[in-house]
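**Student:** Listed below, chain by chain, are the residues.
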Amino acid sequence: AASAPDITGGRQSSPPPPPVDPGRDLRPIPPPDSEPEVVILAMGFPVAGLPPVPSTSSTSFAEFSMRERMREKLKAARDEEGHLVKDKEEDDLFIIDQTARDFLVVKPADYESYSERVQREREILFTPSILTVSALQKMPENMQPRYLEDEGLYAGERPTVSLANQNIMENRILRQEKGKMWFGDDGKILALPNPIKQSSTRPPIFSLEEGIGPELETLYRKAVKMMHANQYIVGSGDPRGPFQLDVDISGLIFTHHSCFSREHVLAAKLAQLYDQYLARKPKNHTKLLTDKLHALRNAVQCILDIRGSDVPNPVANQSITEYKLEIRQTRRLRDAEQEKDRMLLKTIVKAWKEMKSLRDFQKFTNTPMKLYLRKEEVDQRSDEKEYEAEIQAEINELLEEYRKDYEKKMEQYRIELQEWKSWRKAQVCKKKKKPSQLQEEEAAEELEHADEPVKPIPPLMTDRLEVEQQVREKASNIRRKPGEAVLIPELSLTGNITPNELCPRAEVSRREDVKKRSVFLKVLFNAKEVSRTITRQISSDFRVHFGQIFNLQIVNWPESLKLQIYETVGLGSPNLLAEVFIPIPETTVLTGRAPIEEIEFSSNQRVRLDHEGVGSDVPFSFEADGSNKMTLMTSGKVSTTVSWAVDLTGVPLIPPASQQNPVSKTNIGLTDMKKLAKWAAEARLDPNDPSNAALMHLIMVATSGEVSVPDFFRLEQLQQEFNFVSDEELNRSKRFRLLELRNREVAEFRNYKQVPLHEREISEKLFQDYEERLRERNAIDTKDHLDAHRALVAKYLQKVRESVINRLGVFCFLFKLAEPKRPLKPRRKERKKVTAQNLSDGDIKLLVNVIRAYDIPVRKPALSKLQQPSRSSRSFNEMFAASPSPQSPTHSIDWAFNQVLVRPFVQVSFQRTVCQTTTAEGPNPNWNEELELPFRAPNGDYSTTSLQSVKDEVFINVFDEVFYDVLEDDRERGSGGIHTRVEKHWLGSVRIPFTTIYFQARIDGTFKIDIPPVLLGYSKEKNLANERAYDSVRNLSEGSYITVFITIEPQLIPGEPVREKFDTQEDEKLLQAAEKYQAECRLKFPNRGCQTTVIDINGKTVFITRYMKPLNPPQELLSVHANNLQATTELVARYVALIPFLPDSVSFAGICDLWSTSDQFLDLLAGDEEEHAVLLCNYFLAMGKKAWLIIGNAIPEGPTAYVLMWEQNQYVIWNPSSGRFYGQFDTFCPLQSVGCLISSDNIWFNIQQYDSPARITFDVSKSKLWKPFFSRGLPFPGLSSIQPEELIYQRVDKIAALELQDRIEKILKEKIMEWRPRHLTRWNRYCTSTLRQFLPLLEQNRGKDIEEDHQAELQKQLGDYRVSGFPIHMPFSEVTSLIEAVYSTGVHNTEVSNIEFALAVYIHAYPKNVLSVWIYVASLVRTR
Amino acid sequence: MGSIPPGGAWKLLSGVRAGQTQVDHPQLDDVAYWSHPIDIHFATKGLQGWPKLHVQVWHQDAFGRSELYGYGFCHVPSSPGFHLLECVTWRPLGSWQEELSQLFVGGGPQLLNSDLIYTGADRYRLQTQAMGVVHLQLGVLLRNFDRYGVAC
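Residue numbers (UniProt numbering), protein chains in the order written: chain A, 1 to 1424; chain B, 1 to 152.
These aren't lab readings, by the way, just hints derived from the structure by calculation. Built from N, CA and C at the ideal position, the CB exists for glycine as well. Some hints here could point you the wrong way.
[As the list claims (entries may be wrong)] Have a look at the derived ranges for each label pair, beta carbon to beta carbon:
no., chain 1, residue 1, chain 2, residue 2, range
1, B, His-25, A, Ser-531, 46 to 52 angstroms
2, B, Val-150, A, Glu-759, 18 to 24 angstroms
3, A, Glu-559, B, Val-150, 42 to 48 angstroms
4, B, Ser-95, A, Asn-551, 28 to 34 angstroms
5, A, Pro-195, B, Phe-145, 40 to 46 angstroms
6, A, Glu-559, B, Thr-128, 36 to 42 angstroms
7, A, Ser-200, B, His-25, 46 to 52 angstroms
8, A, Ser-531, B, Ser-78, 52 to 58 angstroms
9, B, Ser-95, A, Glu-559, 36 to 42 angstroms
10, A, Ser-200, B, Val-150, 38 to 44 angstroms
[Claimed, not checked] With a cut-off of at most 16 angstroms between alpha-carbon atoms, the simulated EDC-like pairs for lysine to aspartate or glutamate come out as follows:
no., chain 1, residue 1, chain 2, residue 2
11, A, Lys-222, B, Glu-99
12, A, Lys-222, B, Asp-61
13, A, Lys-222, B, Glu-98
14, A, Lys-188, A, Glu-157
15, B, Lys-11, A, Asp-727
16, A, Lys-481, A, Glu-386
17, B, Lys-11, A, Glu-729
18, A, Lys-222, B, Glu-67
19, B, Lys-11, A, Glu-728
20, B, Lys-11, A, Glu-740
Please model the entire structure based on the sequences and the hints provided.
**Tutor:** As structure tokens, this is what we get:
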């Protein structure tokens, strides 16, 4: 058998599929306890290869043994033939051998009978009976079942369970261990109350047609065009269209009017009383209280009856006392009400009587009022009985009360008496003890006597009669007498009014006056009149009916709603009688449901009339003798309804609730908590009833005392409790603040890059500027301005700027849009232009190419004696003459050649970065050097608006480099080494604002250097120039010139001005013509400036000629040189130039060019070229000159305005902002091109080939050369000027100027010391005072011609010093610019140890607070 | 179009609360790609009012008119890191007349107050229609939360 598996194993690799008998599948799977393995092993078959063998139980032994034998045979055969290996044979053998019969056996289906199974199950299962279990079984031993419900306790409703199920359960439980614990006291299974909720949890599905909560409402919206798309940005809130408030004004009743006659007054009183009566009647307090009184009395009687016998019952006694107390209170109330009723009736009757007597007296009737008194007869006897009974009852009660009172008092009296007696005894004892009293003690005794108790007086018992009398008296006063008819007043308006014919004249005139009067009402919404009623006549009964409904369509929650009552007399103007404020209705008050309200009004106007009318606020009297005066005010009632409208779909048109007053949202349910608790206590609610549990809990919370009901409503519950940090801490975070500010694009933080990660890395200083600005938003620091007026102006400018920006908000927005955002498609340009984006610090450089200079002042020998070439002021002719008058050389030739005249170099400073050129030599140096200065935008913000508002200026300073020998002794020279000291002396400067460069893109030209009128130690080197003939022309213009070329690298694209339509008051036609004219001009000469309309300070478009009008210059200026016209002209120009210059592009960055009128300009004391030019031109016109405004281009300003003047047969061009003038053919005239000329009645555009002033003719009459705006086709319509009629100048305030002068001097001195931190700064007082004397002189001569005198003078006085210094002259605007100017001269930059300084300031005040500032700075070095 | 409604304790430091995407015209698939960046920075003093993203999907029809296509909201994840969010959207159903007119002329019912999208428990009473899913990719950075005992 051991080898058998091998063979079969080898065969088993591909065993033949065992024949499958379909019947075999149905065979039940052998139970697991069968042992196939055993069989298999026994048969020698491997387990895996064999089909399952049927269970052994039914296999017959015979069969088995036969098979066994067969196998043994087979085995033997195999063993024999094992070596021959004939597979085929074996296969055949095997198949034949194994038939299905060998494996299968047929068996009947297994079946267990039902009864058997029941039997078996019964052993395991328990079926409880369904019979009721007796109560005794369920209860513990010796216990009776207890029923809580019978005892009156609340036992909740049990859930319904069928009895059978209950029984089964009980039976089952009882069989359980400790089963009885499941049963309650009443022998029932313990159960919670029915858990089934009354309402179903699943929400009902609402059909859309039924009402949905307002918060869930949807609104069908049509699909909309994307044009309004931005309105759908979430959060902006969908505007739900206008809301509507309906104001219904139904009428007006006067309760008093000045035209009331006396009768009317009475009638009004009567009507009022009757109204009161009517109001009281339905309430009928008297009846109510009387009934209550009766009921109480009955109750007392009842208790007394029940008690009957003398068994004292404390409960009954208690209630009797309570009742009695109640009776007393009720009685008191009833008496009061009765009295009121009675009084009212009496007054009504009295008023009516008065009225009747008045009617009799005046013999006419004015009012239709009639009072009827209806009598209701009563049964005399029963009434009397009732009355008497009432009185008796009252007397009894009172007596009882008094008795009680008496008893109480008696009790007290007894106690007091007792006390007093004991005290008395003590006194007697004391006296006995000390029979002889000392004097002093007696005094003490006296004192004691003072507070010795008074002997109490026994109370008196009230007498019955007395009480009765009291009661009867009261009853007769306030009550109807028995048997007296009940009076019911009835007011009717059926009386006849006496017709006019029968009335006296005074009355007729009164009636006519009334007829003349009419009334209307204005409806004021948020204090604005929105509508008014029709005017209605006052009727004779002083009632006005309007019956008008006003629908107010509103957007916001209203602030106030007011009615104004106006009265018109005849054709006169309406007179405001009174104002009535109408409360804004609650959101629940909707149209159609609102009740009409009567709102009273009254007016305190005094009206005295000359007819029957009693007037208002005028005392009058009904008595013949004039006593008992009364004063009545006009008053009345308006009946109105104000309610919220409801639209067609029934949605109330109420503005969103968020805008409402939150007060209206108090929780009403909670405030009444106390009342609720009281009610619960009274109603004796079962506190055990779970249906009351919620209520009880609430009451418990509410009444437990400490927990007060909040009168507010919390939105975010428990927010406070769960906060990590407080609000303050969150706000204190610098990092968060920085992030927020940056996000808000606050100017200081707009381009702040990289906010630090840690709090500690952010310094406090960062916010200082911002906070300062916030603080001074309103109060601009007066320290910077030193002048109250200028501070005001600065404030004003800021405000104008803000308002302009607000008004032009859209404009700015457009401007931003105009900036190219994504330069994806760059256009080809001659040079790389860079837009504002993507720039950072250091990217932009300012290139300054300093080319050459002419006529630099030259040094003078230190002690040269100068002759005084005194010159009188020259005429224009003289100045522009082709050849100058030759002057004799004043210096010896050898001096000129011995020393270098001057060694100038140029220093360019911009944003405190300084660059300088090399030093050249001579008065006409040639540098040709390029300087590179970095540009930093404020806060690193390179947007167009930011760049436009850069206020920095480029200073181009010309210095002279001077070498001084430091060696005092000549002998040391030989020892070698160079011992010289370099000093630089300021010669002059040119200032160019950055904005000019920015807008112009490049600046190329020759500029006049601002050289101070006096340069100590230097002189203009005229003589040498004179000798050279070819240079002579240049000499004509006084002063030195420098040629520079400035540009920005890379080129910045300035924001393009966007033409925008502004508000205007100009004629539409005129504007169209202007546009056409301008377009034509631009088409022909795109580069020539042409302006027809400008924007005034209010943001309105104004035609330009309206600015031109002769205006008077200050009289003081005219009178200085009364007979010298030219000097006067120059002085006026100087005055204009002294008004500080402030370009609009700086003050109104990114907005536009605003033109202010001359008076505005003078008030603001700041303006740019246009304002200066307009003012100067207007002055010239007033002085009788021919003058025009030139719109053109100049360097360095760019597009600008100049003034052209026709004088002495030649044209003179004035630069209004510097006050200088140039001839038409002046080479150095800064005006480069002329675009158009403007006078007060026309505009001429330059259509000549050239535009340079020297090459054109200014004769505007030639229409070939000048294209006029107003011509024959369009005649001048006579536009009125917007300038004022006359300019008013304030007087010069010399004291203020002096003060300012001192302050500036002090500040500047401090600054200079500050700039020299490492050196001692000494001030030379003597020199300072000398300099101070010169400054007024300079002002007088306008800085001309005094150089030599001055020089000599100074030399004389300060002989021992080498002085270098100069006066600076500026118009005064603010102190910083002065400081900047002083700083740029670099006077302080000297290292010489023994240097001394001198500084003097002089301020000359001109009218209108125009100040000219002179600053004289000098440094002195002692030579000896 | 989406917004982050202001929550009680949260303070916006930078970024914008609400914005609108461009209009995408899905041609390849049923998916519209907006690729709209959201960049917002909050500081908080408490956990209440954790920021939610509230989206409104609008549809632009062939005439260029826009109509509401769905409301939805989802919370900003409270754990730092990158998240893929799916914000399901729905739109209110109107009456049958409104549905009919919507079918032909566009437009449709809109909520009168859009607060309901992310507040209020009564939303279940609305009859709505499911309107697709907005997918969001959010990167969340948290700072100092652990200092206040918030584990993220």
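**Student:** Confirm or reject each hint.
**Tutor:** Hint-by-hint comparison with the structure:
no. : hint                                      : verdict
1   : B:His-25 x A:Ser-531: 46 to 52 angstroms  : holds (51 angstroms)
2   : B:Val-150 x A:Glu-759: 18 to 24 angstroms : holds (19 angstroms)
3   : A:Glu-559 x B:Val-150: 42 to 48 angstroms : holds (45 angstroms)
4   : B:Ser-95 x A:Asn-551: 28 to 34 angstroms  : holds (29 angstroms)
5   : A:Pro-195 x B:Phe-145: 40 to 46 angstroms : holds (43 angstroms)
6   : A:Glu-559 x B:Thr-128: 36 to 42 angstroms : holds (39 angstroms)
7   : A:Ser-200 x B:His-25: 46 to 52 angstroms  : holds (48 angstroms)
8   : A:Ser-531 x B:Ser-78: 52 to 58 angstroms  : holds (57 angstroms)
9   : B:Ser-95 x A:Glu-559: 36 to 42 angstroms  : holds (38 angstroms)
10  : A:Ser-200 x B:Val-150: 38 to 44 angstroms : holds (41 angstroms)
11  : A:Lys-222 x B:Glu-99                      : holds (12 angstroms)
12  : A:Lys-222 x B:Asp-61                      : holds (12 angstroms)
13  : A:Lys-222 x B:Glu-98                      : holds (10 angstroms)
14  : A:Lys-188 x A:Glu-157                     : holds (13 angstroms)
15  : B:Lys-11 x A:Asp-727                      : holds (10 angstroms)
16  : A:Lys-481 x A:Glu-386                     : holds (11 angstroms)
17  : B:Lys-11 x A:Glu-729                      : holds (13 angstroms)
18  : A:Lys-222 x B:Glu-67                      : holds (7 angstroms)
19  : B:Lys-11 x A:Glu-728                      : holds (13 angstroms)
20  : B:Lys-11 x A:Glu-740                      : holds (10 angstroms)
Against the hints set out earlier in the document, no violation occurs for any number.
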